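Keeping the supplied structure of chain A fixed, place chain B upon it in accordance with the hints.
Residue numbers (full-length UniProt numbering), protein chains in the order written: chain A, 1 to 390; chain B, 1 to 390.
Treat the hints as calculated values from the structure; they're not laboratory data.
Be a bit skeptical, because a hint or two may be false.
The list treats identical chains as one, so a pair stands whether inside a single copy or across any two.
[To be verified] Listed below are the simulated DSBU-like cross-link pairs for lysine-lysine, each with C-alpha atoms no more than 30 Å apart in a straight line:
| # | residue 1 | residue 2 |
| --- | --- | --- |
| 1 | K305 | K75 |
| 2 | K268 | K43 |
| 3 | K305 | K268 |
| 4 | K279 | K75 |
| 5 | K125 | K188 |
| 6 | K268 | K279 |
As the structure is a computational prediction, the values presented were derived from the model and not from experiment.
Number of protein chains: 2
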Amino acid sequence: MRDVAIIGVKNTKFGELWDRSFRDVVVEAGVGAVSDAGVVGEKIDSMFVGNMSGGQFVEQEHIGALIADYSGLAKDIHVPSTRVEAACASGGLALRQGIYAVASGMDDIVIAAGAEKMTDVPSPKASSALAAAADREWEGIMGATFPGLYSMVAKLHMHKYGTTSEQLAEVAVKNHHNGQHNPIAQYKSPITVESVLNSIMVADPLHIFDCSPITDGASAVVLAPADVAHEYTDTPIYVKATAQASDTIALHDRRDITTLDASVAAGKRAYEMAKMQPKNIDLVEVHDCFTIAEICAIEDLGFAKKGEGGIVTQNGETAIGGRIPVNTSGGLKSCGHPVGATGVKQAVEIVEQLRGEAGKRQVDGAEVGMTHNVGGSGATAVVHIFSRNR
Amino acid sequence: MRDVAIIGVKNTKFGELWDRSFRDVVVEAGVGAVSDAGVVGEKIDSMFVGNMSGGQFVEQEHIGALIADYSGLAKDIHVPSTRVEAACASGGLALRQGIYAVASGMDDIVIAAGAEKMTDVPSPKASSALAAAADREWEGIMGATFPGLYSMVAKLHMHKYGTTSEQLAEVAVKNHHNGQHNPIAQYKSPITVESVLNSIMVADPLHIFDCSPITDGASAVVLAPADVAHEYTDTPIYVKATAQASDTIALHDRRDITTLDASVAAGKRAYEMAKMQPKNIDLVEVHDCFTIAEICAIEDLGFAKKGEGGIVTQNGETAIGGRIPVNTSGGLKSCGHPVGATGVKQAVEIVEQLRGEAGKRQVDGAEVGMTHNVGGSGATAVVHIFSRNR
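Same shape as in the complex, but just chain A (with noise of 0.2 Å):
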């Protein structure tokens, strides 16, 4: 395979975006990331759309080429585009596919975006079309929605290891930190321990405050081959490692429902093909769309041993400044969770971040990250590594 390379970046605002469409909203992405870039839309060989539900909360599926359309790649020079979806990780694999396409031969320049309009919808019904990410029959069916599965998740890592409330508050008090300096993010407001654990109650032991909310936005990144990266950019951020993994889409089919084995396996597989080990990453983005989730991810991504992804939080290690720092960006909590934006938005913080332009979220001397993007409870994960060495 082709060695490939990140040259251009841009997130939307991510919020309620109620003056702005669906196909605004990517529209500014992709044209930003292609700015960025310094690449013209004739030289574009094709573009992979992470979206989940644009069927439920738009009502229009066809993603891609409308996306095409409205950035002006489809009449006169038919750039390809293709949608892709594996629930809140359909941006991870949007990436995935870009990077594909571009290692393949086939295409040179790509854009990977990803994508999400949730609040044209009442509440209840944004709830019903996330819940089309768990097994209908199964789950979905007998009311089960995603903040009471990853309760059940939290409710047993509490009893098996004794995390505690208060550490997966801390979870949220230091993803708010970090976004109070994230232009993006949808709460920039800091918050403490005592304000979670008041909030109210939605799936006990999860709060209000515990969980990511429901969000517009759009991100985009620009691929091409690493051999002509620095042609467009003077600081190409490289792909070491893409990785993905599949795992049954019920929680109750699972081996122990307090570690996402889809994640294990996603993080070995890209560890393999980096030839790196967790302590060579700098700083990772991990798909927190509960503050339980963060405390699996970072367990089962090797930054802290099995049931010890509270404690490691409690103790700062996980801060920007930290041994590990974790979500930098504010995560899906402090961001929002666009649900097929999100996994993009995740490779443009680890990108401003290894070109030293994340402001006062920047990590010092930042040279390796990884992203990680679930779908659903766990049945899809996605994790990428990326560095400023090729």
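Relative to chain A, chain B alone:
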């Protein structure tokens, strides 16, 4: 890029499969293709599943992981599985993603599948779901359905080129004639021009027999690097070209609605990649969602001069035994059109033909075949060329 071959294929029965669930039909296709290829689960590196709208049809997204799970490929071996979507071209794009994966060198044995379960919702809901393949904000919201959009294409084709209702009907007659010999076809009864012209009008000039039906079904192929294909089968079929193009999603934004520019562009790219011309193609499966669509397709792909698609059909040039047999499978018209499956089903038909296993549908001496899969009213087109010879 590495050369790619197809080493296994399978279609389920296409039709109103009321006794079976979405997951049942996809698993049957996948397991059938894997069995045809003689591979075991542990050898599978990745899966790509084309599906237009699980969200709207069966309230299920996260299709890739679901299918990996129900195929026994998620637990323990964690095979990556990704859904791709481009409306009715979703299947063709799943095949294309599989080709990227093998071509890149990252994956060896890859499943490309397509599936749709459309009869679990009432017909008006299905029509509304399908309208999500068009531009919701400019077409769907005005009440435009696909028969309505393609009727405008037909009207203008008649006006500009003198195409007649009888010529449209000849497409349906030919495809039903071919489909009677296809064991998977939804409609196996031969029909006459009179029966088409006397059938109820859906959107003038399109009668109901000019339209492909609502269908359940799934198809799958197994891909491998061409270098090792002979280890699995005596008759590998080689991928000579994969090409994709986008156009405006709304019909009214097109240069000329009687030409699908995306089909022209994808065809041109495919011929270039394969270093072939239309005269090198022995048979083609085109996207006959409506009879007029087949007439446009054979013109756009270079098998008939512009405006002569109807005459060529009436003359029998596209029949089995004719100059360029079109839709030997029976096409979308007779086989049915489970929208996510169709693009893969077309590839299965070409493989069966090139293997010499097509029974009474066999095109004598077929060496090279093409597939042409369209999303919406032509915002996405994907074309593949396959050959018996590497």
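Status of the hints after comparison with the structure:
1. Taking identical chains as interchangeable, the C-alpha atoms of K305 and K75 lie at most 30 Å apart only when they sit on different chains, with a minimum of 23 Å there against 53 Å within one chain.
2. Taking the shortest Cα distances, K268 and K43 sit within 30 Å of each other only across copies (18 Å), while inside one copy they are farther apart (35 Å).
3. With identical chains, the CA atoms of K305 and K268 are at most 30 Å apart within one copy only, with a shortest distance of 15 Å there and 55 Å across copies.
4. Taking the shortest alpha-carbon separations for K279 and K75, only the inter-copy value of 28 Å comes in at or below 30 Å, while the best intra-copy value is 48 Å.
5. In this homomeric assembly, K125 and K188 come within 30 Å of each other (Cα to Cα) only inside a single copy, at 26 Å, whereas the closest approach across copies is 41 Å.
6. When the C-alpha separation of K268 and K279 is checked against a cutoff of 30 Å, the pair qualifies only within one copy, where the shortest distance is 13 Å, while the shortest distance between copies is 50 Å.
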